[in-house]
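From first to last, the protein sequence lines stand for chains E and G. Every letter in the first sequence is one number past the one before it in the numbering used here, and letter 179, counting from 1, is 179. Heads up: take any position in the second sequence, counting from 1, add 1000, and you land on the numbering used here.
Hints may be right or wrong, so weigh each one.
Below, a list of computed lysine-lysine pairs in the DSBU-like style, where the Cα atoms sit at most 35 angstroms apart [to be verified]:
| hint | chain 1 | residue 1 | chain 2 | residue 2 |
| --- | --- | --- | --- | --- |
| 1 | E | K87 | E | K154 |
| 2 | G | K1061 | G | K1269 |
| 3 | E | K30 | G | K1009 |
| 4 | E | K86 | G | K1327 |
| 5 | G | K1009 | E | K152 |
| 6 | E | K87 | G | K1324 |
| 7 | E | K154 | G | K1061 |
| 8 | G | K1324 | E | K128 |
| 9 | E | K86 | G | K1009 |
| 10 | G | K1327 | G | K1267 |
Everything labelled a hint here was simulated from the structure, so no lab data went into it.
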Amino acid sequence: MLEIGQKQLELLERLTNASAVSGDEGAVRKIVLEEVTPHSDQVQVDAMGNVLVTCRGDANADGERLKVMLAAHMDEVGFMVTSDEKKGLYRFSCVGGIDPRQLVGKSLWVGSDRVPGVIGAKPIHLTKREERENAISLDSLRIDIGPESDSKIKVGDTATFATKFARLGKSIRAKALDDRFGVATLIELVKHAPQNIDLLAAFTVQEEVGLRGAGVAAYTFNPDLGFALDCTHARDFLPWDEEDENASYNTRLGAGPAIYVADARTLSDPRLITHLVSTAQDLEIPYQLRQPGGGGTDAGAIHRQRAGVPSVTVSVPARYLHTAASLARLADWEAALALMHAALSRLTPDILESERSYCG
Amino acid sequence: MINTLEFLKVLISAPGLSGFEGPVSQIISEAWEPITDELQTSRVGSLQGLQRGIGPEPRPKILLATHMDAIGLMVAGYAGDCLRITSIGGVDHRVLPGQLVTVHGREEFPGLVAQPPANLLPVENGKKPVVIGHLLVDVGLTAEELREKVRVGDLISFAQEPLEMGKNTLAGHSLDNRASVVALTLALEDLRERSHAWDVWAVATVQEEETMAGAMTSAFGLRPDLTVAIDVTFAEGPGAPSHLAYPLGKGITLGWGSTVHPALYAKFKEIAQELEIPFALEPLPGRSGTDADALQISAMGVPTMVLSIPLRYMHTPVEMVGIKDIKRIGRLLAEFIAHLPLDFMETLTWDE
């Protein structure tokens, strides 16, 4: 089984520290190309900026090989500079879904030179009690690079939270684990591509603004099956009064990779759910079923492409996605990688003939 | 000679929340040791350094106070594999979600402030800010590990790294009031090379953000003839309009109001003008909100002055300060003291 070692951790560190706001994924694309090119039969960057990688299976094997598309999005939520107010102050907008309550008092990397900037707040001394009962509006916030900075940033530049990757014992803290976990996992799968399938890896763009890259990539690949590798919320906290049960935790940290049954954009193919669950059970890999509910992954665009692509999503659970710092357990990532590699290695064309039911 | 920027980065990276100033006091003590004649720690933890004057004994004394404590958080309890928290000093709960922090438990644990999802908060919370009692700190440990390694009452510091915003501006947490500690250190270095008649007590005070206990007790213990509190004030910027604030990095402020002795103000103003140090009069109509409030009413009362460095985003982890203003305060203090005549107190009258 594939494992997470120092090399894989260093790659995840590089990937999470890189800035790649939707539409501006160049920094992550560069790392992906460096990593995958020596291990693939064909690599192309398509019209939208997706990196499309083909790893053909064993040509001498008998029978047909499934064309299996795996998608992981390179982009992350972040910011765009929208107005220069001079003296180092800039207005900005959010790119992708960010809770405005997460912005205040943070440092940012702005533009391709990663100029340090901060989002400050009115000193508490100048606020009134009633004022503190309401969230600070995006409208009143500015990116501040300092009044005497020589750095040049401009309207249209993107920015991310300036959070550096950190190991916290068995956990990790980083920005953009959504979805650098998927990107790092997919790079490992390309490097250890199973020979029983044609592995079609799509490192997609613009997932956070509407699953745009994945749909186009799926058209190009025209696959038999689709897997989205993503990162999903773990909301496994106690309720504030510690009295009720937390009935909507989505996923739990430490419980293994999350297999999707349904989210707002996709009803997973039951044959693929069954395949993943039985693989995990046979090999004693921990897994959990993500609570059905909202959200969406690249599978939402892939499964509706062309004449339809049976699809499913596997996510690493993590807390605090779309904030300055998300937190996850290393063991969950390792199990996700092990599960995906094993599940792909066991895929045969029969799966498309199997009963379309999910019996767990 | 200390490097202003580098020393400031070291100081803001050291823990030292109100009441627990030990780590930062140690660093300041190492910097002051070679530039003071005596160095002592008061009963409540303030660091007090003496530079003797050359006047005949008994010499008059001036006390220069910069608080070294910082605002932060404290562990209030457990919630599963996370910690419940409370604040030390004035912390706006709206700046907390997503902040990087260090929990000082049995080891140092990096973590972050977590805003729980809406379905686990009181229904009426909605999109309003989450109060500190409902925020959590997550250090990535399991519930069992957490109970072994972290206790109620353990301190939590902000972990935002210092950020250089061009060569004259620094952003980070705890610049209030470590910036002033650096200014005082610069003054001590300067005075070390010059003769001064008065004794100078440099004090890095404790607990300003909570009770001002450090300033109050140091002034009582050392019985100075004059005191100066050096602190930060509001710099113009988002949230701080110009009628309440001063331009960042463009000059210091001289406090004026009931806390400040008017004749002392006049002397500082005169020297600032001589040195061509840009300054603004900062009206302090009521309390100054600095150590000066405690210094002024110590024992039989002490003529007091307030000097301030404009700082943006006060009490957030991304405070911002101009390096030039720190140096300006250092120069002004040194020059004022070097020119203090032995009979200065006799000239400090209430007659107009």
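Taking the hints in turn, this is what the structure says about them:
A C-alpha spacing of about 13 angstroms is found between K87(E) and K154(E), which places the hinted pair at or below 35 angstroms, so the restraint holds. Proposed proximity of K1061(G) and K1269(G) is supported: the alpha carbons are some 21 angstroms apart, at most 35 angstroms. For the hint pairing K30(E) with K1009(G), the CA-to-CA distance comes to about 33 angstroms; that is within 35 angstroms, so the pair holds. Distance restraint check for K86(E) and K1327(G): the Cα-Cα separation of roughly 26 angstroms lies within the 35 angstroms cut-off, and the hinted pair is therefore satisfied.
Proposed proximity of K1009(G) and K152(E) is supported: the alpha carbons are some 24 angstroms apart, at most 35 angstroms. Distance restraint check for K87(E) and K1324(G): the Cα-Cα separation of roughly 17 angstroms lies within the 35 angstroms cut-off, and the hinted pair is therefore satisfied. A threshold of 35 angstroms between alpha carbons decides the hint, and for K154(E) with K1061(G) the separation of about 53 angstroms lies outside it, so the pair is violated. At roughly 32 angstroms between alpha-carbon atoms, K1324(G) and K128(E) fall within 35 angstroms of each other, so this suggested pair holds.
For the suggested pair K86(E) and K1009(G), the alpha carbons sit about 27 angstroms apart, so the restraint of at most 35 angstroms is met. Annotation: proposed proximity of K1327(G) to K1267(G) holds, straight-line Cα distance about 19 angstroms (limit 35 angstroms).
Hint check: a violation occurs at hint 7 only; the rest are consistent with the structure.
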